[in-house]
Every structure is written in C-alpha cells, then in structure tokens.
Amino acid sequence: MSARTKARKLALDILFAAELREEEPTAVLAARGRPNQGELAEYPHAVRLIEGVQGRRERIDELLATYATGWTLERMPVVDRNILRMGVYELLWVDDVPDGVAVSEAVGLATELSTDESPRFVNGLLSRLQQLKPSLAL
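Quick note on numbering: the sequence shown equals residues 1 to 138 in full-length UniProt numbering.
If you're looking for bench data, these hints aren't it; they were derived computationally from the structure. Since the structure is predicted, the reported quantities are computational estimates derived from the model, not experimental observations. Heads up, the beta-carbon is just placed ideally off N, CA and C, and yes, glycines get one too. Be aware that one or more of the hints could be misleading.
The list that follows gives simulated cross-link-like pairs (lysine to any residue, SDA-like), each with its CA atoms no further than 20 Å apart [said to hold, decoys possible]:
(1) K6 - L113
(2) K6 - T26
(3) K6 - P44
(4) K133 - W93
(5) K9 - A30
(6) K6 - E22
(7) K6 - G108
(8) K6 - T69
(9) K133 - K9
(10) K6 - W71
(11) K9 - V79
(12) K9 - E23
(13) K133 - S104
(14) K9 - T26
(15) K9 - L20
(16) K133 - T26
(17) K9 - R48
(18) K9 - T66
(19) K9 - R32
(20) K6 - K133
(21) K9 - T69
(22) K6 - V97
(23) K133 - G55
(24) K6 - G124
(25) K9 - G100
Restraint-style ranges between C-beta atoms, simulated for each label pair [to be verified]:
(26) V97 - A137: 17 to 23 Å
(27) A31 - S135: 36 to 42 Å
(28) D13 - D96: 30 to 36 Å
(29) A41 - D61: 25 to 31 Å
(30) K133 - A31: 30 to 36 Å
(31) E117 - E42: 20 to 26 Å
Please model the complete structure; the sequences and the hints are all you need to start from.
Take a look at the structure:
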C-alpha cells in the first residue's frame, strides 16, 4: 500500500471521527497528533487532506449536494460522505494528484470500508465532477 493510500485512510479516519463527534477535523487531528506525531509526520498528505477538506467544506458539500442525483448529504452514509469530500478536494484542488488517481483511490476506500453499492456511487459522482471540472467555479 502506498504512502498516499495510507494517508487517505488516516485522513478518512479523522474526518469520520470529527463528524461523529461534531468537532472540527483539525481539532481531532490536533488531539490525535499528540500521541501519534510519528504517524502524522510520516503521512503529510493526510494533514493536507484534512485541512483542505475543512477549509473548502462548504463548497465541497455544495458540489456534492448539487450533483448527487437522488441523494442528499444527510442521507449518505457518513463514511461515503467523507470519502467523497476527500475525493472532491483532491480532484479539484490538489494539482499533484492526477484526476484518475483521486477517483480510483476514493473508489478503493469505498470498496474496502463501505457498502456494496458505495463504490459505484462514489465513482459515478466523482467522475461527473471530473467531467465538469473545467466549468466549475472554484
């Protein structure tokens, strides 16, 4: 497993925990960082994802709500919602991650950690946003 794949899993863990606790992801990151500084230092992409998703969450959620046909954000499983948030962030704002990799990694997380239907849903929504990327006002 690549370092960035591990970083995505770590970031997802923190984003998921933050949502369940109704806390800011960076607060959960800071609390987790104290006993696990080595883990976070080893995966700087995780910190980048957490801070990026938090910083752009309003726009990310707006895009997800707009393009998730038949689904509201509230209806999505928490894990799917956070996988999608990371995927959208990487797809639209992280230039050193190819678009196909951002989509593929998100689908991989959904395959491993969510429902049987989730990979197809994640792939469809992120692929749609990838197609629209040039026209989206970021």
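Here is what the structure says about each hint:
A C-alpha spacing of about 13 Å is found between K6 and L113, which places the hinted pair at or below 20 Å, so the restraint holds. For the hint linking K6 to T26, the alpha-carbon distance of about 18 Å falls within 20 Å, and the restraint holds. A threshold of 20 Å between alpha carbons decides the hint, and for K6 with P44 the separation of about 11 Å falls inside it, so the pair holds. For a cut-off of 20 Å, the pair hint linking K133 to W93 stands: about 10 Å separates their Cα positions.
Under the criterion of a C-alpha separation no larger than 20 Å, the hint pairing K9 with A30 is consistent with the structure, at around 17 Å. Restraint check for K6 and E22: the C-alpha separation of about 24 Å exceeds 20 Å, so the hint is violated. Restraint check for K6 and G108: satisfied, since their Cα atoms lie roughly 12 Å apart, inside the 20 Å limit. A threshold of 20 Å between alpha carbons decides the hint, and for K6 with T69 the separation of about 30 Å lies outside it, so the pair is violated.
Under the criterion of a C-alpha separation no larger than 20 Å, the hint pairing K133 with K9 is inconsistent with the structure, at around 25 Å. Our distance criterion of 20 Å between C-alpha atoms is broken by K6 and W71, whose separation comes to about 28 Å. Simply put, K9 and V79 have alpha-carbon atoms about 11 Å apart, close enough for the 20 Å limit, and the pair holds. For the suggested pair K9 and E23, the alpha carbons sit about 19 Å apart, so the restraint of at most 20 Å is met.
Only pairs whose Cα atoms come within 20 Å are accepted, and K133 paired with S104 is accepted, the gap being roughly 16 Å. Of the pairs offered as hints, the one joining K9 and T26 holds, with about 16 Å between alpha carbons and a cut-off of 20 Å not exceeded. Distance hint between K9 and L20 is fulfilled; the C-alpha atoms sit about 16 Å from each other, no more than 20 Å. In summary, the hint linking K133 to T26 is not supported, as the alpha carbons are separated by about 27 Å, beyond the 20 Å threshold.
The straight-line distance between the Cα atoms of K9 and R48 is roughly 13 Å, inside the 20 Å bound, and the hint therefore holds. For the suggested pair K9 and T66, the alpha carbons sit about 26 Å apart, so the restraint of at most 20 Å is broken. Proximity of K9 to R32 is assessed by CA-CA distance (about 14 Å); at most 20 Å being required, the pair is judged to hold. For the hint linking K6 to K133, the alpha-carbon distance of about 26 Å lies beyond 20 Å, and the restraint is violated.
Between K9 and T69 the CA atoms are separated by roughly 26 Å; this puts the pair beyond 20 Å, and the hint is violated. In summary, the hint linking K6 to V97 is supported, as the alpha carbons are separated by about 15 Å, within the 20 Å threshold. For the hint pairing K133 with G55, the CA-to-CA distance comes to about 19 Å; that is within 20 Å, so the pair holds. The hinted pair formed by K6 and G124 fails the criterion: a straight-line CA distance of about 23 Å is larger than 20 Å.
The straight-line distance between the Cα atoms of K9 and G100 is roughly 18 Å, inside the 20 Å bound, and the hint therefore holds. At about 21 Å, the beta-carbon gap between V97 and A137 stays in the expected band of 17 to 23 Å. Restraint check, A31 to S135: a C-beta distance of roughly 39 Å satisfies the suggested window 36 to 42 Å. In this structure the hint that D13 and D96 lie 30 to 36 Å apart at CB is violated, the actual value being about 22 Å.
For A41 and D61, the hinted distance range of 25 to 31 Å is satisfied, since their beta carbons lie about 30 Å from each other. Checked against the hint of 30 to 36 Å, the C-beta distance between K133 and A31 comes to roughly 34 Å, which is consistent with it. Checked against the hint of 20 to 26 Å, the pair E117 and E42 fails, with Cβ atoms roughly 33 Å apart.
The structure does not agree with the numbered hints 6, 8, 9, 10, 16, 18, 20, 21, 24, 28, 31 stated previously, though it agrees with the rest.
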